[in-house]
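A.B. asks: Input sequences plus hints: build the corresponding full structure.
These are the residues of each chain, in order.
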Amino acid sequence: MRGRWLIRGLGLGYLAVLIALPVGAIFWRALSPGLAAVWAAVSSPDAVHALLLTLGTGVIAVVANTVFGVGAALLLVRHRFPGAGLLEALCDLPLSVSPVVIGLALVLFYGEGGWIGGWLSAHAIQVIFSPPSIVLAVAFVSLPYVVREVMPVLQELGTEQEQMAATLGSSPLRTFLRLTLPAIRWGLAYGITLTCARVLGEFGAVSIVSGSIEGQTQTLTLLVNDRFSNFDQPGAYAVAVLLALISLSVLGLLSLSRSRREAAVR
Amino acid sequence: MDISVRSVTKRYGTVTALDGVSLEVQSGSLTALLGPSGDGKSTLLRVIAGLDMPDLGSIAIGGNDVTRVPARKRGIGFCFQSYAPFRHLTVAENVAFGLKVRRRPRAEIRSKVAEMLELVRLTEQAKRFPAQLSGGQVQRMALARALAIEPAVLLLDEPFGALDAQVRKDLRVWLRGLHDQLHITTLLVTHDREEAMEVADQVAVIHGGRIEQVGSPLDVYDQPANDFVLTFLGPATRFDDRWIRPHDIVVDRRPGPGSRQATVERVVAIGFEVRVHMLLGDGDRIWAQLPRAEAAELELTSGGRAWVRVRQVGAELAASGEAAGL
Numbered sequence: 000m001r002g003r004w005l006i007r008g009l010g011l012g013y014l015a016v017l018i019a020l021p022v023g024a025i026f027w028r029a030l031s032p033g034l035a036a037v038w039a040a041v042s043s044p045d046a047v048h049a050l051l052l053t054l055g056t057g058v059i060a061v062v063a064n065t066v067f068g069v070g071a072a073l074l075l076v077r078h079r080f081p082g083a084g085l086l087e088a089l090c091d092l093p094l095s096v097s098p099v100v101i102g103l104a105l106v107l108f109y110g111e112g113g114w115i116g117g118w119l120s121a122h123a124i125q126v127i128f129s130p131p132s133i134v135l136a137v138a139f140v141s142l143p144y145v146v147r148e149v150m151p152v153l154q155e156l157g158t159e160q161e162q163m164a165a166t167l168g169s170s171p172l173r174t175f176l177r178l179t180l181p182a183i184r185w186g187l188a189y190g191i192t193l194t195c196a197r198v199l200g201e202f203g204a205v206s207i208v209s210g211s212i213e214g215q216t217q218t219l220t221l222l223v224n225d226r227f228s229n230f231d232q233p234g235a236y237a238v239a240v241l242l243a244l245i246s247l248s249v250l251g252l253l254s255l256s257r258s259r260r261e262a263a264v265r
Numbered sequence: 000m001d002i003s004v005r006s007v008t009k010r011y012g013t014v015t016a017l018d019g020v021s022l023e024v025q026s027g028s029l030t031a032l033l034g035p036s037g038d039g040k041s042t043l044l045r046v047i048a049g050l051d052m053p054d055l056g057s058i059a060i061g062g063n064d065v066t067r068v069p070a071r072k073r074g075i076g077f078c079f080q081s082y083a084p085f086r087h088l089t090v091a092e093n094v095a096f097g098l099k100v101r102r103r104p105r106a107e108i109r110s111k112v113a114e115m116l117e118l119v120r121l122t123e124q125a126k127r128f129p130a131q132l133s134g135g136q137v138q139r140m141a142l143a144r145a146l147a148i149e150p151a152v153l154l155l156d157e158p159f160g161a162l163d164a165q166v167r168k169d170l171r172v173w174l175r176g177l178h179d180q181l182h183i184t185t186l187l188v189t190h191d192r193e194e195a196m197e198v199a200d201q202v203a204v205i206h207g208g209r210i211e212q213v214g215s216p217l218d219v220y221d222q223p224a225n226d227f228v229l230t231f232l233g234p235a236t237r238f239d240d241r242w243i244r245p246h247d248i249v250v251d252r253r254p255g256p257g258s259r260q261a262t263v264e265r266v267v268a269i270g271f272e273v274r275v276h277m278l279l280g281d282g283d284r285i286w287a288q289l290p291r292a293e294a295a296e297l298e299l300t301s302g303g304r305a306w307v308r309v310r311q312v313g314a315e316l317a318a319s320g321e322a323a324g325l
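Note that the protein sequences, when read in sequence, are chains A and B. Just so we're aligned: 36 in numbering that gives the first Met the number 0 is position 37 of the first sequence, and the numbers increase by one with no gaps anywhere. Just so we're aligned: 120 in numbering that gives the first Met the number 0 is position 121 of the second sequence, and the numbers increase by one with no gaps anywhere.
Treat the hints as calculated values from the structure; they're not laboratory data. In this text, a Cβ means the ideal position worked out from N, Cα and C, and glycines have one as well. Be careful, since some hints might not be right.
Some chain A residues near chain B, calculated using beta-carbon distances under 8 Å [as the list claims (entries may be wrong)]:
hint : residue
1    : 164
2    : 165
3    : 166
In silico contact screen, one side only, chain A against chain B (beta carbon under 7 Å); selected entries [stated by the list, open to error]:
hint : residue
4    : 91
5    : 92
6    : 160
7    : 162
8    : 167
9    : 168
10   : 169
11   : 181
C.D. replies: Here it is as structure tokens:
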């Protein structure tokens, strides 16, 4: 009995010191100047622009990685082909490479004087230091999550239900939409949630590729950093809290729909 | 509609699952594909369904060559051994799946689903999910789902494999009744000889990727084409260098014409049957199967003497002769 309480206490204490208290502190400090000041800090033109830029680039990256992730998971689980090992390794690569390195790699490839940078600038397409680079950076860092969450669910699912649907006359597309997608939906939802969190919070790669130009290529994380470095700490805290709230609401949405569904089945 | 399998060969890598298999399934019949596990039964069923493509040979259903027709256009009803229920759909939605694919009018789907659920006695479970059903109910749901599309033929892979003994027996009788009612050409895969004998009009014995024999249940039991069929279809014992059914050995207390002397080693009573294990003069061991009353009359005890001979009916087959096999 005592051992169980000890383990619980240790676990909760660890979480408190590491996560709950620091996050609580940020909320505390952010809200202490009063709601009017907080509202002013998050509704200034640069903050609104950063919010819209973060959401806009984020949505593109999340949609792209969702489509790619489901496709790659289907390919890796259902088919044997030469290069499967390489594809799987590449899907994991963003997890093991520092975002700073990813940012530098993108600059080297797409930037002025980069491998295809010359061709891009010849066609008047600017990637680096403009919003497309932010999409590339956040898509890169958040690529593994959907693939990794969907693969085990597909493995568990097997192929018999899909073969059964085929014998009943169902086309592959219909089978995917009516059977496979509903069957993997919770793994997929979890993967998308993780992708969103990663996309919203990315700092290192984005700060290198975007140039953090105020009112143009500054995302929320970059804005927090910018204000913090310029001794506008209340402003930094306010935006940080906004960022945290967006992430938390994504997580909240997932657990809400999940508990509803469980209530419906029981 | 009839099914015609012509010289089908299917290999998986270096393993030959089907080796030149030919089989005719008559329209309206119930045929059992009987054989040991892993000897190509399920592969043959999958090839007929279009879930696997044969390397050689052809498949015709109702006279039309369907070898290159994809599964979804063959119009067959298939039941997997696992039943492959659509887990996130209710029983009624499972049964309706094939009809919705065919874009039938809503009213027609509703009445067809109701009819099918009635047929498999699952009307009360219509709104349940597969996880809330018993094994036998899931099996019946899978059958209703396959039958709802009014398939040309019904293919069942070990339909009772995953059920407990009593449910199996009940469902066997029920399936035979259903077949007599619908007359849909049915091919059923099983490794259980009793199941094949009880349910089927025709039994095809498959072994090592080849069809060994096709015939009525009694034919294959009484006139097995070779040693494999004989030993697989029922108990067998060696007597005078040939296989024989233990119930075709006559045991007597006195010598008679053509009988040989034996020493009783062990007498085992299993329900109504008694198995008598004996040692012959030349050192061979055989066993005979007797009804309980007959065994009691003979008063056999271990160590006692008995005379044995072969009854002049039933399965007899020379082990060395034209019969191929073991």
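A.B. asks: Hint by hint, note whether the structure agrees.
C.D. replies: Status of the hints after comparison with the structure:
1. 164: Given a least distance of 7 Å, the restraint on residue 164/A holds.
2. 165: holds, 5 Å
3. 166: holds, 4 Å
4. 91: violated, 29 Å
5. 92: Given a least distance of 32 Å, the restraint on residue 92/A is violated.
6. 160: holds, 5 Å
7. 162: holds, 5 Å
8. 167: holds, 4 Å
9. 168: holds, 5 Å
10. 169: Hint on residue 169/A: holds, closest Cβ of chain B at ~5 Å, below 7 Å.
11. 181: holds, 5 Å
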